[in-house]
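Now for the letters of each chain:
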Amino acid sequence: MSNASFFMMFSTMTIVTAVTAYFFFKVLFSKPNPEPDSFSENDDVPR
Amino acid sequence: MSGQEASGWGSRVGLVLAMAGNAVGLGNFIRFPIQAIQNGGGAFIIPYLVCFLLMGIPLLFVEWSIGRFGGNKGNHSTPFILHEMDKRALWKYIGVFGIFTNLVVAAYYCYLESWTLSYMWQSIVGTFDGQTQDQVAGFFGEYTSLNSVMPILFWVLCLFMNTWILSRGLSGGVEKASKIGMPLLILFGVFLAYKAITIEKGQLGAIEDGFKGLEFLWEPKFDSIWNTKVWLAAAGQIFFTLSIGMGSIQCYASYVGKKDDIALNAMSAGWMNGFVEIVLGSAILIPISIGYLGIEGVQDLVKEGGGFGLGFQTLPYLFEQWGSVMSVIAGIAWFGLLFFAGITSSLAMGTPVMAFLRDEFNWKESNAAWMFGGLVLILGLPTVLFYNYGVFDEFDYWAGTVSLVVFAFAEIILFAWVFGMDKGWAEINMGAEIKVPKAYKFIIKYVTPLILGAILINSLPDIWENLSNKKSKEKIAYYQDKSRITRLHHEQEGIMMNKYGSVIQRLDSSKVHLYEITTLKMEQKDSIKSFIENRKLKKDETYRLEKLDHEHKSVLYKNISRVMLLLLWLTIAYGVYIAYKKRKTA
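These protein sequence lines map, in sequence, to chains H and U.
Read in order, the letters of the first sequence correspond to residues 1 to 47 in the numbering used here.
Read in order, the letters of the second sequence correspond to residues 1 to 586 in the numbering used here.
Just chain H, same shape as in the assembly (with noise of 0.2 angstroms):
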């Protein structure tokens, strides 16, 4: 594999791993709002 599409493909795919990961797992561990919010598997009281 030549350098340029080494660094063409390591470069992309690693910014872009990463980046997807960074933001999915913002999404994971990130505090629920108070009740209501828009999701109904954190109810109190089944909607």
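To be clear, the hints were calculated from the coordinates, so they are not data collected in a lab.
Glycine included, every Cβ here is placed at the ideal spot set by N, Cα and C.
Treat the hints loosely; a few may be bogus.
As the list claims (entries may be wrong) - Partial list, computed: chain H residues near chain U (C-beta under 10 angstroms):
1. Thr-17
2. Val-19
3. Val-27
4. Pro-32
5. Pro-36
As the list claims (entries may be wrong) - Below are the DMTMM-like pairs computed for lysine to aspartate or glutamate, each with C-alpha atoms no more than 20 angstroms apart in a straight line:
6. U:Lys-539 x U:Asp-508
7. U:Lys-258 x H:Glu-41
8. U:Lys-259 x H:Glu-35
Please build the complex by placing chain U on the supplied structure of chain H, with the hints as guidance.
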């Protein structure tokens, strides 16, 4: 507005996965790698990421904001979401595109999705065992020519699955499907990518290393970034891949509460789609194909049938080289991955239609879902029955290409210039869990509309060419003029036989397929193909008349499908008018 029970999301992760599933489609694995190799290889990623940052992300912010804004006022489909932003009549009729596009795209997309389900089944029962490459490719032709009832059965099954999931609501149906489909899709993708890049030259019939395919795809041709066509291809890919301009993002976002975040959710779903497309999409189709067919072979096949040709006509044959057990596993993984990518998108197409029926006519969720399924069945029939006459492509062109750009352009003008950028910016930032860079205020107001306007203007000649059936008319003129075909053949005969006599003889005796001859350049192969076609047209009158008849029928069916699409748009617009009257009297 709705008198029905509230629909909504179960969890935030579910919403993000559903949004990502909406964006991730067959194009991520089949269209993106082909676009990349045709538009500068690794250098394509530069215009691609620039378009993502300047057009994709701004439109994601805009569509999520529009959706949440409308949803908090009780509207979940684009006609009345847009009406909520500006009361002038024009906008609610622009919003018709947000229902129209979803219905029409679902009509042909579900057929495509059913191929993946069917091919998964064919892989399990061993249909492709021991078949030659031509036989595997021929199976696809036979399949789409409807020589058996199987395609219809799988199509109806696929529609039924979509409708049944939709009838279970957002959290009970769409969200659950996304929570199962997206992780499985990524798992299958990682498995296939690993298999692809570990292909070794000389092992199991491979003629190249899998890495050679990655090198071919990622080799940057930096000259290409000065080519406007490459930029248009990148912009088109961003449109296609993010499902923007459809109306489905607005509908999903309309179930998010006023104080809940949309900025982080939009970024998470958008980048997840990017990950699937760039990281997984580039590591499967091209590396496997190049491993077994070489660069020349892949270039030829891409020219003949594009990514779909490779994905459906070639990969099942290549999987067979991995042995009987692994070929079944790979077939399930590849077509399963495509199926999950497809179904999570087609489910998103159902929700705006259902939301319109629920909000405006008080339909129950399950009834609205079955109505959607019924409409897709009726609308999809022409694409199934007349697939080989270009009806499928016609639906894709008007709904899956033109409508998207028109609607996206209109909505960003409404958001930034009519609703007002200050109000719009406040909407984007309300409840935001990330700091949206201020540059996006400028980008949304000036840069994105300019890019969209340029795309729209640039596509006008193409729209006219399509409307006037230019290509079909040229073909008809060609097939009609028998003396021209004869003259052309005579002109070519001496030269071609002198130059490529031995190749033509080998092709005639079916000992070899044109793509297998790696000593010829692409242009040389094109001349040989055109020579063989002219010879057949000259010699075989029935063949010429068949071709002529096929083109005449294509024009007829395409014209009928355009009238059908126009009538559908007008019917939805009439539905919006009735709903508006109903609201006024309520």
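Tested hints:
no. : hint                  : in the structure
1   : Thr-17                : holds, 6 angstroms
2   : Val-19                : holds, 5 angstroms
3   : Val-27                : holds, 5 angstroms
4   : Pro-32                : holds, 7 angstroms
5   : Pro-36                : holds, 7 angstroms
6   : U:Lys-539 x U:Asp-508 : holds, 14 angstroms
7   : U:Lys-258 x H:Glu-41  : holds, 18 angstroms
8   : U:Lys-259 x H:Glu-35  : holds, 11 angstroms
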